[in-house]
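Visitor: One letter stands for each residue in the lines below.
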Amino acid sequence: MIEITGRKQKITVFGIVNTALLVLFGIICLFPLVYEALIAVASKVDYYQSNFITIPRHFTFENFRFIFKQSNIGWSFALSLFTTVIGTVYNMTLTIIGAYALSREDMPFKKVFFFFVLFTMFFGGGLVPFYLVVKNLGLLSYDFTSVFSIIIPFGISGFNMIILRNFFRAVPEEILEACEIDGASQLRVLVQFIVPLSKAGLATVALFYAVERWNDWYWPMLFITNADYAPLALALRNILSSNTALDGVGGVDSTVTFAEGQSAATILVAILPIVCAYPFVQKYFVRGVMLGGVKS
Amino acid sequence: MRTKADKFKWLRRRSRKYWQIYLLLIPVVLWFLVFCYYPMYGVVVAFKDYYPKLGILGSPWAGNGGLEHFIWLFKTNDFTRALRNTVIISLLKLVVCFPFPILLSLLLNEVVHLKLKKTIQTAIYLPFFISWVVISGIVYNIFAVNGGIINNLRLLLGMDRVSYLTQSSNFYFILILSDIWKNAGWGTVIYTAGISGIDPNFYEAAEIDGAGRLKKMWHITLPSLMPIIITMFTLQVGNILNAGFDAVFNLYNASVYDVADILDTYAYRIGIAKGYVERGTALGLFKAVINFVLLLVSNKVVKLVTGQGLYD
Numbered sequence: 006m007i008e009i010t011g012r013k014q015k016i017t018v019f020g021i022v023n024t025a026l027l028v029l030f031g032i033i034c035l036f037p038l039v040y041e042a043l044i045a046v047a048s049k050v051d052y053y054q055s056n057f058i059t060i061p062r063h064f065t066f067e068n069f070r071f072i073f074k075q076s077n078i079g080w081s082f083a084l085s086l087f088t089t090v091i092g093t094v095y096n097m098t099l100t101i102i103g104a105y106a107l108s109r110e111d112m113p114f115k116k117v118f119f120f121f122v123l124f125t126m127f128f129g130g131g132l133v134p135f136y137l138v139v140k141n142l143g144l145l146s147y148d149f150t151s152v153f154s155i156i157i158p159f160g161i162s163g164f165n166m167i168i169l170r171n172f173f174r175a176v177p178e179e180i181l182e183a184c185e186i187d188g189a190s191q192l193r194v195l196v197q198f199i200v201p202l203s204k205a206g207l208a209t210v211a212l213f214y215a216v217e218r219w220n221d222w223y224w225p226m227l228f229i230t231n232a233d234y235a236p237l238a239l240a241l242r243n244i245l246s247s248n249t250a251l252d253g254v255g256g257v258d259s260t261v262t263f264a265e266g267q268s269a270a271t272i273l274v275a276i277l278p279i280v281c282a283y284p285f286v287q288k289y290f291v292r293g294v295m296l297g298g299v300k301s
Numbered sequence: 026m027r028t029k030a031d032k033f034k035w036l037r038r039r040s041r042k043y044w045q046i047y048l049l050l051i052p053v054v055l056w057f058l059v060f061c062y063y064p065m066y067g068v069v070v071a072f073k074d075y076y077p078k079l080g081i082l083g084s085p086w087a088g089n090g091g092l093e094h095f096i097w098l099f100k101t102n103d104f105t106r107a108l109r110n111t112v113i114i115s116l117l118k119l120v121v122c123f124p125f126p127i128l129l130s131l132l133l134n135e136v137v138h139l140k141l142k143k144t145i146q147t148a149i150y151l152p153f154f155i156s157w158v159v160i161s162g163i164v165y166n167i168f169a170v171n172g173g174i175i176n177n178l179r180l181l182l183g184m185d186r187v188s189y190l191t192q193s194s195n196f197y198f199i200l201i202l203s204d205i206w207k208n209a210g211w212g213t214v215i216y217t218a219g220i221s222g223i224d225p226n227f228y229e230a231a232e233i234d235g236a237g238r239l240k241k242m243w244h245i246t247l248p249s250l251m252p253i254i255i256t257m258f259t260l261q262v263g264n265i266l267n268a269g270f271d272a273v274f275n276l277y278n279a280s281v282y283d284v285a286d287i288l289d290t291y292a293y294r295i296g297i298a299k300g301y302v303e304r305g306t307a308l309g310l311f312k313a314v315i316n317f318v319l320l321l322v323s324n325k326v327v328k329l330v331t332g333q334g335l336y337d
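As they're listed, the protein sequences go chains A and B. According to the numbering used here, the first sequence holds residues 6 to 301 in order. According to the numbering used here, the second sequence holds residues 26 to 337 in order.
No wet-lab data here; the hints were simulated from the structure. Note that the structure is a prediction, hence the values are computed from the model and not measured. No residue lacks a Cβ here, since even glycine has one placed at the ideal position from N, Cα and C. Watch out, some of these pointers could steer you wrong.
Derived lysine to any residue pairs resembling SDA-like cross-links, with alpha carbons at most 20 Å apart [claimed, not checked]: (1) K142/B - F30/A; (2) K100/B - D283/B; (3) K328/B - L296/A; (4) K42/B - C184/A; (5) K288/A - A215/A.
Far from chain A by the CB rule (all over 10 Å, computed), these chain B residues [as the list claims (entries may be wrong)]: (6) K29; (7) D31; (8) F72; (9) P124; (10) Y189.
Put together the whole structure using the sequences plus the hints.
Guide: This is the structure:
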């Protein structure tokens, strides 16, 4: 508040120590990513001769070339994009409908639906019965359709639905009443008024879904048995857990590339979209937490 | 007063108004039924000897009045170990990780330079969006025996190399450290939101009384945050059986099972990896029931403290 009123603060010891601590923590948060970048572009010699932080004296892209040649990372990347985009659209469609129903106070059976949703947030059948359902639906095939096993069963997060409901509720009641007096159907109210007026909320929830999908490795690990259809996060996990430097792969210099460098390169590829998009979308996430989380 | 007939009429009119929404809700409800409620019915498997061909209903009941698999479970040391580790990890997080975001947001609030504050926030929120697979990869690189920065540092300081990731004694340290790295910064969002809602008059009054920044932090900011802190704390206590599958699963290996194996990872190994469907389901059900009760209780406590349920 003091900042806003524009009164000058004196520079104090407390202020300096405080800022220093926070900057230090900020650096700690970013350092591991920089560290990985340094390893990823280093050559084998740089890495094994380093006695503190790896300095890429013999700068090289050999580690990247290796992972793109050896492990189909490019294909996995495309596959992740596909599941993220299609999956998020699917998530949003279902979530928007549910959130709208929850936001309408005068809709009969709204309370029933609310508890129907809420109960799933408190209780679940657990891993194995869920797995059996997906299996019995025939989603666990060996071909490309298995990709839908990580899309269809993950339609709605009750938490996201409630965040979105809170955004929908923020649309002024007068607008809706005016629509209803004009005889607009509920579908029109939703599509032509609620959705365009809640863009920030939709962006927030879509981003929550998208990040979750992009980072998902667990369900792909369970459901996608054919390694050819592994999305990026799972492919990364497979590379990290095998963690063997392979020699003699066509055209890759095995005296330059090394296991740690390869995993670092894969890590960079995996976080690239997130790190690139993050500065622009950060504010939506923050707003989402404020609205969906605890109200003080 | 409205009569029953009136109420019925009202209901019909309202329902007619919403018919399109009801129609659209069908796939939503179906999704919940298939992927949330049907698995709840699937927990019956825990009391049966499950034969996929016979289906859930057709499979015979398990021995000992259907409790066979639970008895097996409660007798194994692996289960008690997993339960113990789960509680230990959750408590460690509650004691060590929980206060971090509160402290950070208090410090952040004292940064006067707005641009600097924004920059710091951008930096400390970022790790939250990085998956545990990636984090485990980073952890493996940082703690690598050969060439990892930590072991390089140890060598520089004249100490021996340590294989951090295969030693039980270091597992909690690494787990908690990476948890703080990932979540502490993002955790400040909720407290920062709370701080921004504090009435500036409080601070002005305190200034007139001659309170310094530390005093204001201690006597105004922190007490104002108390409802949020209590809420978050209660929620985390309610989640005590969720020690964080993703983190543990990506960071552990067979040599640290004794301290790292939690209920979720154990359920995965017996239920999916080893294929003991009934035992896995029984373990899942055990966890779900206790979790349910804990969540209900914590929700009640939150309601008492803040006068509002979490989701109303």
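Visitor: Enumerate the violated hints, using their earlier numbering and listing them in ascending order.
Guide: Every hint satisfied by this model.
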